[in-house]
Amino acid sequence: MNAPLHSGLEHWLSAPDDSPAPDWLLEHRRAARARLSAQPLPHSKQEAWRYTNLKGLLEQDFTAIEEPLSALQPEDLDTVLIPGFDAHRVVLVNGRFAPELSTLGELPAGARIGGLRDWLDHDPESLRGRLDAARGESGAFFALLNTAGLDDGLVVWLARGVMLDRPLELIHLSVGLDEPRVAQPRHLVHLEAGAQATLVERYVSLGESLYCTNAVMEVVLERDAVLKHERLQMESRNAFHLTGFYLVQDENSRYAGVNIGLGARWARTDLNTRFRGEQAECVLHGLYLAGDGQLLDYHLDVEHAVPNCRSEENFKGLLTGQGRAVFDGRVLVSKDAQKSDAAMSNRNLMLSEQAEIDTKPQLEIYADDVKCSHGTTVGQIEPEMLFYLRSRGIDAAQSRRMLCLGFAGEIIDRLSDEAVREHVAETVGQRLA
Amino acid sequence: MLSVKGLRANVGDKEILKGLDLEVGPGEVHAIMGPNGSGKSTLSHVLSGRDGYSVTAGSATFEGRDLLELEPEERAQLGLFLAFQYPVELPGVNNTYFLKAALNSIRKARGESELDAVSFLRLIKEKLKILHLDDSLLKRAVNAGFSGGEKKRNEIFQMALLEPKLAILDETDSGLDIDALRVVAEGVNALRSPERSMIVVTHYQRLLDYIQPDYVHVLARGRIIRSGGKELALELEEKGYGWIDAELAA
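Going down the list, the protein sequences come from chains X and F. Using this note's numbering, the first residue of the first sequence is number 1, and each one after it goes up by one. Using this note's numbering, the first residue of the second sequence is number 434, and each one after it goes up by one.
Next up, chain F with everything else stripped away, as it sits in the complex (with noise of 0.2 Å):
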């Protein structure tokens, strides 16, 4: 589904990725765990396409396609999603609006029908109910003026409603309380399914204790260092990080 090979890439002169190998099959979980600076954003972003990286080796397939060359909104057309460690408040866009917009363009591009107002706030319901979110949502503009928790669980719903063959979630556990967390995390394990892989990013293993992970892989200095199962997130929380230096220095 995903397959990343040796990626580099820059901010400004500065490498950041060095060379990253990530394979990730259809309806696995996979978390990357890594310290402050190891490039976990950089991939999140480098993968999704947002500007402001270059990428200068290596290359990222998804699903056959050469990812690196799709525009933002083709990737996520593709079944590609970004949940933000950062959701973005667009005051004056109103949710439905932004919803709907979002639905149908990938509807489309999926070779599907636009849904019909009916069938649309059906669907959205249904959804907002896996996240205990409440209707109001609906009216007001995207994220503006909402609370961290309820940023982090509108990013799920939005998940939950586009339904992308593969997730990344980008520290979605920075600045949940543990309430918040669970119902994030729920929202996340209803939404596992053979067809659908997920790629959790993480500095902290509190989050693996309620989405459990096929595999863990630890990011250091812009590479893959270690590669294990979900057992390799618990040894990383009795070692802390500190290790890898040695590792590496070694």
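For reference, chain X alone in the conformation it holds in the complex (with noise of 0.2 Å):
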């Protein structure tokens, strides 16, 4: 007998099929939904959703999609596509795994790339004990709502050494249906030992329609592996989003991320990561822009359980019309983790007068020989820099645009393609005009 869901989100989970599922899998979805149903549903009186109010989420009673599209030829992917950006790609449609539009090419030997449907048909016993992210309290909410249906998505899994000679592509297609669905993929990236890889992972629609995307993606990075992870989110305007990322992280390993958050009316990132061995390095950017009727909320969880490890947050944010926008991180310092270097830092470029932002860093610090800082901004656009531009002959509303862009840059030009910075810097001087 399956515990009853929240009032709201009691469509979430579609009726069990005929599909196989190793055993552990279905007692760990039971699991989840049976802790589910022991919390309350997120609240404003809690931290981690004191800026963000479900309501809008709630009365939309999303339904789980049933059955996989078929109808999307190769073609449909047109419009989305980054031109010249050169990559093993693998499509998602609507939550799926969608092997007829994926094109992985060549991988080399050790690399496996592939559905999670597919890989718990094939290979169950080696994702036993994986796909149990939700841990801690930010958001797992609706990571444990991912685990309760947990279905398919992608698994990524490079062997001790592995080189991915181009960027993986992850493609999330949603294409909107009759009513309100809600897809929750749930990815597995792992690299072992030396393995190193670009991932990177966008969130796209066809058509401005309504949907809900509610995806979770654990990362594991043995030792001295390195991954790039560019996650660009631009759903439809009209879209709910919810990411959560577990990353853990080994003895050497470098992980460096850039969110760019564009898209969805209503969006919340949690992004969480661990330092599991010493000399390991995280760096997350993020560059966030807030239009009219839209509200992107960025919660970082860093932790720093372990010595001499270093992370860097810095996130950027521009805030139009009536945009809002949350950044609340938070970087955890344990006791023995001596040496810890943490830098986190938020600056905000307000557009309008109708913009909202709520902005907390934290430093939560229990090591007494660390190097930790954090900084925040909300600042507008500084006459003197518009005054020099126009002065030059260029109109107010270009002056404006190449100010926002310039402030954006320093985000933009972290991401490894030229052919992905120039779409995302397109983007958002698209937005801006």
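If you're looking for bench data, these hints aren't it; they were derived computationally from the structure. Do not take every clue at face value.
[Said to hold, decoys possible] From the structure, some residues in chain X lie toward chain F, with a derived Cβ separation under 7 Å:
1) Gly379
2) Ile381
3) Glu384
4) Met385
5) Phe387
6) Ser391
7) Arg392
8) Ile394
9) Ala397
10) Gly406
11) Phe407
12) Arg414
13) Glu418
[Unchecked claim] DEER-style ranges, computed between Cβ atoms:
14) F:Lys572 / X:Thr103: 55 to 63 Å
15) F:Asp446 / X:Lys55: 48 to 56 Å
16) F:Ala623 / X:Gln380: 47 to 55 Å
17) F:Lys558 / X:Glu208: 43 to 51 Å
18) X:Glu353 / F:Ser626: 42 to 50 Å
19) F:Asp446 / X:Gly293: 37 to 45 Å
20) X:Gln380 / F:Arg555: 52 to 60 Å
21) F:Gly439 / X:Glu384: 26 to 34 Å
22) F:Lys572 / X:Glu384: 21 to 29 Å
23) F:Gly452 / X:Glu410: 42 to 50 Å
24) F:Asp454 / X:Ala397: 56 to 64 Å
[Stated by the list, open to error] From chain F, some residues computed to sit far from chain X (all C-beta separations above 12 Å):
25) Gly458
26) Asp484
27) Leu523
28) Leu566
29) Leu594
30) Ala613
31) Arg615
32) Ser626
33) Lys663
A virtual CB, placed ideally from N, CA and C, is assigned to each residue, including glycine.
Take each chain as given, in its own frame, and dock them per the hints.
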């Protein structure tokens, strides 16, 4: 007997189908569901949900997608591809792995990339105990919900020392259906010792329809592994988007993440990172642009659990019209994590009087020999800068756009592929026009 | 070319310009000298359209247009250029992108087509040479992290590129050592032409050793109290500005 779900979420989990699932997975889903119903819905008295209201999400009464969408042709993808971006490409449509649209190409020996469903069919034991990310308090509710419906997504497994020659592009394509639907893709990225990859994860849609994505990704970097991870959230402007990201890093591994948030009407992103081995480095960059009717909410939970690791969190925001954003960043340095180096920064450019930002960077430090800093700014375009550009003949609107792109450029420049950088800069420029 | 008549301007409630007259003809170089607080920078800013000043009386006509009606970018498109006393740093705004946007805005206003990438780059490199600037400047953000001298040279470089009809050099000599001053002055002199007028605003006579003006005006307490040839600058150098108080008191 399944535990009941909260009002507004009753239809998020599809009825059990016939697809074979290992017992541990069935139990895993059941346990998550039980934990969910024992928890209250996230509410504004919880620190992690203080600025973000669930009402709009719940009243949509989203329904899980039962059947994969089979009518798409490869040319339907054309409108969402980034011209000139050469990558191993995996496509998910409405949360389901779509092999007919994916062009993985040739992979090096020791690189396994495929749909979670297929993986569970063929090699379920390799994933036992792996899909267990919903720890911690921040945002865990929706990660549990994802786990309760755990079904399909992407698995990337690179064996020891394997390096991907090209970036791996993961496209989450959402196609509007008659009713508001929710997709809950679940991803696992595991890099064994010394493996290296660049992952470009994109959330896009055909049309501006209403839907919800509740994605969870777990990443494990074994020692010396290197992952560049670029997330481009460009959902439909009518969509709801949730991401729970869970990273664990072993000794001397490197993670460099860039989070670009431009789409969705309501988006909540939880980034949880944890050092498990020393000398590891985690860099999180972010850029969000919130305009009329948009709420973009970021929560960072960076845990220095062991000594001698370095983390850097640098998020920048552009807010226009009646756009709203939240930045809630927390760095926790445990008692034993001596020689930790952590720097957190959140800077915001307000382009209208009606825009709103709630920013709250926090350091929680229990070790005594550390180098930690945090800073936050909320400002406007400097009149001197604007005048300088205009005095050179550039009109006011273009001058403002140039200054905003200049502000955003520090983050956009972190993207590793030129075609992706151009795509993002162009999209930001259009949004500011 | 430029005709300023009875110009009065306030910052807040305080009147800074108190009835200023100035006529600049084509190809002429006018120096405006004066002590601190005389209104030199206010004049530069009011002419170029900076916010924060209210004009209460008088007029400024440029190329037959009422300058004070125009937006700053329209003034630039008409051929006015201000070399800033304190050039502004624009972090993240790439210099090449900036120069291209500026040049194309001005070309468009003149009814000319946009330059293609090759011609643009050729033009840029030619102008960089005049100011002894390295083309690594093109990859950097506008003025960001530039030394004082580089910033001032960058101003004159932009002037060379945009080819204005009237350039206002606002204390371009301030903060420059003698070598940098010479480079800047050479750049300015290379741009002198029968069609291009300049207003050189300065506190010191030093710059005028290198940029020889046709006319010198003394600005004090918001008005031009004396005008003359370049010998007036030398007189100021000799006597300082102390005599002004005595003269105005008399």
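Is it the case that Ala613 of chain F keeps its Cβ farther than 12 Å from each residue Cβ in chain X?
Check passes; 21 Å lies beyond 12 Å.
Interface hint compliance - Glu384 of chain X to chain F, C-beta minimum distance less than 7 Å
5 Å, holds
Hint check: 7 Å Cβ-Cβ cutoff, Ser391 of chain X to chain F
This hint holds: Ser391 of chain X lies near chain F, its Cβ roughly 5 Å from the closest one there, short of 7 Å.
Arg615 of chain F and chain X, when compared Cβ to Cβ, separated by more than 12 Å:
Nearest chain X Cβ is 25 Å from Arg615 of chain F, so the label holds.
Interface restraint verdict for Ile394 of chain X against chain F (beta-carbon cut-off 7 Å)
5 Å, holds
Holds or violated: the 52 to 60 Å window for the beta-carbon distance between Gln380 of chain X and Arg555 of chain F?
Since Gln380 of chain X and Arg555 of chain F have Cβ atoms about 38 Å apart, the given range 52 to 60 Å is violated.
Checking the smallest CB distance to chain X, is Leu566 of chain F really beyond 12 Å?
Non-interface label on Leu566 of chain F holds, nearest chain X Cβ at 17 Å vs cutoff 12 Å.
Interface hint for Gly379 of chain X, Cβ within 7 Å of any Cβ on chain F
Violated, about 13 Å.
Just double-check Leu594 of chain F for me: nearest Cβ-Cβ distance to chain X has to come out over 12 Å.
10 Å, violated
With 7 Å as the cut and Cβ atoms as the points, is Gly406 of chain X at the interface with chain F?
Constraint on Gly406 of chain X satisfied, holds at 3 Å.
Go ahead and decide if the range 56 to 64 Å is satisfied by the Cβ distance of Asp454 of chain F to Ala397 of chain X.
36 Å, violated
Was Lys663 of chain F rightly flagged as not at the interface, with every chain X Cβ beyond 12 Å?
28 Å, holds
Of the numbered hints listed earlier, those contradicted by the structure are 1, 2, 9, 12, 13, 14, 16, 20, 24, 26, 27 and 29.
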